[in-house]
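Student: Protein chains in written order, with full-length UniProt numbering: chain A, 1 to 278; chain B, 1 to 278; chain C, 1 to 278; chain D, 1 to 278; chain E, 1 to 278; chain F, 1 to 278.
Don't take each hint at face value.
Note that the list lumps identical chains together, so a pair holds whenever it fits in one copy or between two copies.
[As the list claims (entries may be wrong)] Straight-line C-alpha distance at most 20 Å; calculated EDC-like pairs for lysine to aspartate or glutamate: (1) K209 with D53; (2) K265 with D164; (3) K169 with D213; (4) K209 with E87; (5) K94 with D239; (6) K196 with E161; (7) K94 with D83; (8) K265 with D15; (9) K196 with D53; (10) K6 with D164; (11) K243 with D95; (12) K169 with D15; (13) K209 with E225; (14) K260 with E194.
Hints in this document: simulated from the structure, not taken from any laboratory.
6 protein chains.
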Amino acid sequence: MFYHVKELQFEAKPDRPDALMAKKLQELIGGQYGEMSVAMQYLFQGWSVRGNDKYKDLLLDIGTEEIGHIEMLATMVARLLDDCPIEEQEAAVKDPAIGAIMSGMNPQHAIVSGLGARPSDSVGNPWMGSYIISSGNLLADFRANLNAESQGRLQAVRLFEMTDDRGVKDLLSVLIARDAYHQNQWAAAIAELEEKEGLLVPSTFPREKERMDIAYDFYNFSEGEASKTGRWASGPSLDGEGKYRYIKQPMPEAGIPVLKPAPLKTHNTLPSVSLGEE
Amino acid sequence: MFYHVKELQFEAKPDRPDALMAKKLQELIGGQYGEMSVAMQYLFQGWSVRGNDKYKDLLLDIGTEEIGHIEMLATMVARLLDDCPIEEQEAAVKDPAIGAIMSGMNPQHAIVSGLGARPSDSVGNPWMGSYIISSGNLLADFRANLNAESQGRLQAVRLFEMTDDRGVKDLLSVLIARDAYHQNQWAAAIAELEEKEGLLVPSTFPREKERMDIAYDFYNFSEGEASKTGRWASGPSLDGEGKYRYIKQPMPEAGIPVLKPAPLKTHNTLPSVSLGEE
Amino acid sequence: MFYHVKELQFEAKPDRPDALMAKKLQELIGGQYGEMSVAMQYLFQGWSVRGNDKYKDLLLDIGTEEIGHIEMLATMVARLLDDCPIEEQEAAVKDPAIGAIMSGMNPQHAIVSGLGARPSDSVGNPWMGSYIISSGNLLADFRANLNAESQGRLQAVRLFEMTDDRGVKDLLSVLIARDAYHQNQWAAAIAELEEKEGLLVPSTFPREKERMDIAYDFYNFSEGEASKTGRWASGPSLDGEGKYRYIKQPMPEAGIPVLKPAPLKTHNTLPSVSLGEE
Amino acid sequence: MFYHVKELQFEAKPDRPDALMAKKLQELIGGQYGEMSVAMQYLFQGWSVRGNDKYKDLLLDIGTEEIGHIEMLATMVARLLDDCPIEEQEAAVKDPAIGAIMSGMNPQHAIVSGLGARPSDSVGNPWMGSYIISSGNLLADFRANLNAESQGRLQAVRLFEMTDDRGVKDLLSVLIARDAYHQNQWAAAIAELEEKEGLLVPSTFPREKERMDIAYDFYNFSEGEASKTGRWASGPSLDGEGKYRYIKQPMPEAGIPVLKPAPLKTHNTLPSVSLGEE
Amino acid sequence: MFYHVKELQFEAKPDRPDALMAKKLQELIGGQYGEMSVAMQYLFQGWSVRGNDKYKDLLLDIGTEEIGHIEMLATMVARLLDDCPIEEQEAAVKDPAIGAIMSGMNPQHAIVSGLGARPSDSVGNPWMGSYIISSGNLLADFRANLNAESQGRLQAVRLFEMTDDRGVKDLLSVLIARDAYHQNQWAAAIAELEEKEGLLVPSTFPREKERMDIAYDFYNFSEGEASKTGRWASGPSLDGEGKYRYIKQPMPEAGIPVLKPAPLKTHNTLPSVSLGEE
Amino acid sequence: MFYHVKELQFEAKPDRPDALMAKKLQELIGGQYGEMSVAMQYLFQGWSVRGNDKYKDLLLDIGTEEIGHIEMLATMVARLLDDCPIEEQEAAVKDPAIGAIMSGMNPQHAIVSGLGARPSDSVGNPWMGSYIISSGNLLADFRANLNAESQGRLQAVRLFEMTDDRGVKDLLSVLIARDAYHQNQWAAAIAELEEKEGLLVPSTFPREKERMDIAYDFYNFSEGEASKTGRWASGPSLDGEGKYRYIKQPMPEAGIPVLKPAPLKTHNTLPSVSLGEE
């Protein structure tokens, strides 16, 4: 169950309206790695935890924090859209600065949302449930989370570099710091789990059931051997159970697959069609 | 530039047709973490690498391998669909085993693809470009890759447990081994990069520009303190630059946001509407 | 800013596992009118309110309540998935009841989410940001909200009729009651706004700018005049500003549109192609 | 069965080409509340009506009208795209007005559709079947329709304010008038149904089966009591069956949910992982 | 402008309810090549025709016909859903035939649409605007149309084979005949255009601007030369302007691409990271 | 199984950076008819071929070629994005040429992909599996392929006309030539198949099972008879089996459909609601 207070956790006030920045900030709200993604991802993961209270609490703590991040960004976007020039007038379009805003802003910010934030990314794609993962395997999911915070901080940093608006930079400096913490945090949780379970997800699958003879081979499928010098190509494997092997020229183990003709009722092309030709 | 040989890298022959398993295996072809995702993700990442030949080669090696994985799975799905009972007949539907197949199989396998694989997941959602990421920051992207291989192996393992078809299990045992290797490999590449760049992505952003005073705080937003016992809540941070701090009762730093009325031309609800009431 | 407590607002415990019901309940989580939709819709509307505190508070009250509804349903789905038969075995498939579950359940519940809820609907479509609306015009949006609660209650009621599991029925009886209240509530908010603004959205557009001569006409575009007997076809209009008029045979006012040929550089079909023919 | 005449119902001729307006008008064609949505929504509702001829006729009348609206808008968009400057030349880009058009127009209008309309919205998202609803419950659906016409008129009005092209304004003044009528019409149909069925959808569910003790409670989940002053918070309910009650501090009724561990074969994280820690 | 008559062009009455067939028939309504696709594709193409009245008329004739096909199929689906068993009861699930229906039907047919058709395909994906094309080049588009009718007829034929319901077969025999006619028709229109314009789309691009030296080469990128025996590999080309050439071993013409480092402000991985290693 | 060489098949070097062209070229990478579509379409078709080796080889040859096309375009896009002005500064925005780039470029090229290509089209929609078809019927699919190459060449030609960058034109002149060849090739393959199978897809359905009495009728559903003069309206049909017939005034063959009331448990609107009115 959730409670809300109206105060923002951190301030979200730009120095001046800027409809182009409003459009770009949408990436942090409804993009693949925006705040809607991390909020929903952590909550769904948390709600699905089975018998690991510490991690359940962790996920619900951070998932709840992230809803507040959507709120701050939505507030910022609404303010960046204040007074945006929506009227096409000959004079307006001829002023380069106004023209750039009018042609570059997200038209749905004016037509659909009435100067409010949208549940979409910076080009206007709606947020999708398929951006997130909750698998029930916490080591797998914490890796997803570490990636999300890495991509998220990278995007926030890029946006920070794109603007000289002090207020926007202030909010981004908060998000950048939180994404740094969250990288620190998921890395710590991963370290805890890897210590117990080892490197491989899932750890509970008996390895003798997999093809262990190919489980440490690097296949050189792209001509050139620059990749040979990496730690993944020789020496003991990170999981401590094998030795990396570099396969310079990977060869097929199986033959050419031949499929049975389809039954007549599917009305696929009949095999005789080309058999006659060859 | 790519070349193709018709031999499969590994065998893909089920013991017997099984339209339900064909539907489920689609998750590994066109699901969020299926082979289309890893193939496309690694290739796009590889094509975008700027000046790091070793990693470019690595990405193109593995991306190329993964196209061959789609091929093996597509072959397997086609064979699992051989002779599948598509005809609704009173007798058929009453036989529980046939009824289960007819009602449970993916109808598009019969109607649309004529017993071939689909570029979709196990419920029929089409594969989407938004499943993948290529950011230009390799540490971020290798974390995405480690996650993808973790989720991918987890799913392959679950499918392995669901069937007793020896041929399906054989192919899965290959994919499980390769996903194990790829976890080993991305973990090694990550270790290389973290050694140079440190834990945080991106490493090149000057930390004094972010809100360092909140960059190590854990916010306890979900009542209950089970999460306090984790490594993320106290002690030195994994990035070596700070000390974790547990904030038992996080409080807002900013006030209640008040937005300016929208200009008349947007025809939003006027502020007077409720001001009159209060 | 949001806080979370781990207690559920209402109980979410089924009498027994039921993977088919788990699949169906997903409609209430991630469907077009599921709880993700109302939670996000009300929050985005609330964050965008400009100067109408009463309505802003209302929206944030209910939006916050709805996140807790996702939580209850996610918990219910996880429990319905306990012990679900995921293994295909000859014996299993031949038992009609087990076969029905195995072929009918959402395969992603086993393969992807590890027996947890998904951010998707009952056929597996991911939730999308394009399900929701926040326009800045509260009368328009409250109508969207009344519709959402009407569709939502209808779906919950249908699901109530589909099961005899007491625990599922208990949770649904809560959601049905809340959706009833929320219909009551949005209807009340609409009544408040219509009293001030009138029926038409937006109320602030000067009506002389629209084609008032056709603003009360019913066009009978589908042969047959059953629709003529409705209140929309004669008598004073509900907005109090006109009189409904039934146009039995609507006729075009304009001519046949003729488009200019495209410039050569678009390489559209040249007009001469068919002009020569006619 | 449908017939078509080539005359447009109303004129659709802009004063001058304007590729930016063409892009924006797409919202009214293929947006969430564009004409494709209302046409398809009313037709699907109409085709599904079971035994209520008056409403079936109504829906098919208006659904058929709306196809003609797509036609007028598609014609308008094609004309706005006449002669649009698609060639990037140094000189062109330096002219602010031309540069604004070239950088702001929808590139698919030139590359994909050859200066024709697209089945997409103003940012380029394709129209989706998930924009519409047809539930079989007419009161629910008419509320959806009233919302659609409210959002639609709001968007048309905003677009009207954005342009000074007389021809575009003329077409919009038609659409605004029709959307006004359609609000009047759905409101009338709703009034008819509510008179018979009451406020709540669906009316046929026996209310004793829902949790009546919470069916009139307002939960104050967002701190601050501005929402308390609304008609939804006290007094008799609009459905005439209860009394609104304001719950200042909503408390959980249930306990903290504990989920059973997942079966080993799902390879979820084992419960022991963190139990050991706590 | 469109008119509607309530009579169906052809009868749409199944012999008996069949919720599984209702789900499958959805492919013909809202699938990639369903009637929504052809209706919308032909109408958008028709509305965009510039100066070729014969083809414009043709497109609008057939586009209008196809809306009536959606109508017939929607009616059929509604009837197939009559009396479908939606209640999960122990007894029901144990009856194989009922269990098959309950687990195999589209749950949204019961929960969302109240036994009406959905704007979706046979697995439940919503119809999308991105299924269709209207390019302004009629030869290109008529090829799209010929493909659509080929895929459409193939799917209708497969569905015909899947059922022994006389009424369903009757409707399908109509659709199969119409799709046959429409293949005949688009083929005729293509023949007309190819006679004037030649084989290649677009015909208006001066061929000396393309790389004519590679415009007739077949590249043998997949080992094995079975493809060498086709008409595409030797002899005069179908466009009458060249001679096919079989390139047994295609070789790259360009070198290995090297990308410039990204500017610092993008925070991509710096080139030095791996340069140091190699 | 696939192999990769790092050399590009053809050169992909622009004369100068151009972020607007980078955005537009995305249509050829991840658009409906971009290289991702043809690569995946041909490979899925090839992997599904059952017993027609010549066509299987053909599909896999060309599918493999197309992956290399994605590679060249991705390289080109990365280079066009070199040095793109991402910083909003007052001065910058006022320079029309820079302003045009900043407001018109795809913001995800800077924020998300770090100056690399995206798996998306020119407005930013992610590529989707639903763009492609693989039906098992080769004549149907080769028609899809001929359409794809026609649309693809048309788009490449339009882009060629939009730029004066020599390097971009060079790459496009390659793609245009290859798309010309591929039209030539699929046309040849179609001719081979039509010679054996006839015009209609599928050829294996016994025609007496369809409604032959309506299989050659043209229905004039759009008033005006311009379409009457086409080859599709009179004379012998292209399939050689019938005679086209022009039906000036198509009439319904069936009556008005009446649907049974829904069962009470669906809570649809009851029929009595309006019966009482009429």
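Student: Taking 20 Å as the upper bound on the Cα-Cα distance, should K196 and D53 be classified as within, between, both, or neither?
Tutor: For K196 and D53, only the intra-copy Cα distance (17 Å) is at most 20 Å; the inter-copy one is 35 Å.
Student: With identical chains, the pair K169 and D213 could be close in the same copy or across copies; at 20 Å between alpha carbons, which is it: within, between, both, or neither?
Tutor: Close across copies (16 Å), not inside one copy (52 Å); limit 20 Å.
Student: With identical chains treated as interchangeable, where does the CA-CA distance between K94 and D83 reach 20 Å or less: within a copy, between copies, both, or neither?
Tutor: both (19 Å within a copy, 19 Å between copies)
Student: Between copies, within a copy, both or neither: which fits K209 and D53 at Cα up to 20 Å?
Tutor: neither (31 Å within a copy, 35 Å between copies)
Student: When no copy is specified for K6 and D164, does a C-alpha distance of 20 Å or less occur within a copy, between copies, both, or neither?
Tutor: neither (28 Å within a copy, 41 Å between copies)
Student: Reference check for the pair K209 and E87, CA-CA at most 20 Å: within, between, both, or neither?
Tutor: between (66 Å within a copy, 17 Å between copies)
Student: Between copies, within a copy, both or neither: which fits K260 and E194 at Cα up to 20 Å?
Tutor: Neither way: K260 and E194 sit 46 Å apart in one copy and 23 Å across, limit 20 Å.
Student: Using 20 Å as the alpha-carbon threshold, which applies to K196 and E161: within, between, both, or neither?
Tutor: This pair counts as neither: shortest intra-copy Cα distance 40 Å, inter-copy 23 Å.
Student: Using 20 Å as the alpha-carbon threshold, which applies to K209 and E225: within, between, both, or neither?
Tutor: neither (31 Å within a copy, 38 Å between copies)
Student: Given identical chains, is K265 near D164, meaning Cα to Cα at most 20 Å, within a copy, between copies, both, or neither?
Tutor: between (66 Å within a copy, 13 Å between copies)
Student: Is it within, between, both, or neither for K94 and D239, if the alpha carbons may be no more than 20 Å apart?
Tutor: neither (63 Å within a copy, 42 Å between copies)
Student: One pair to classify: K169 and D15, alpha carbons no more than 20 Å apart. Within, between, both, or neither?
Tutor: within (10 Å within a copy, 35 Å between copies)
The structure fails hints 1, 5, 6, 8, 10, 11, 13, 14 (numbered hints given earlier, in ascending order).
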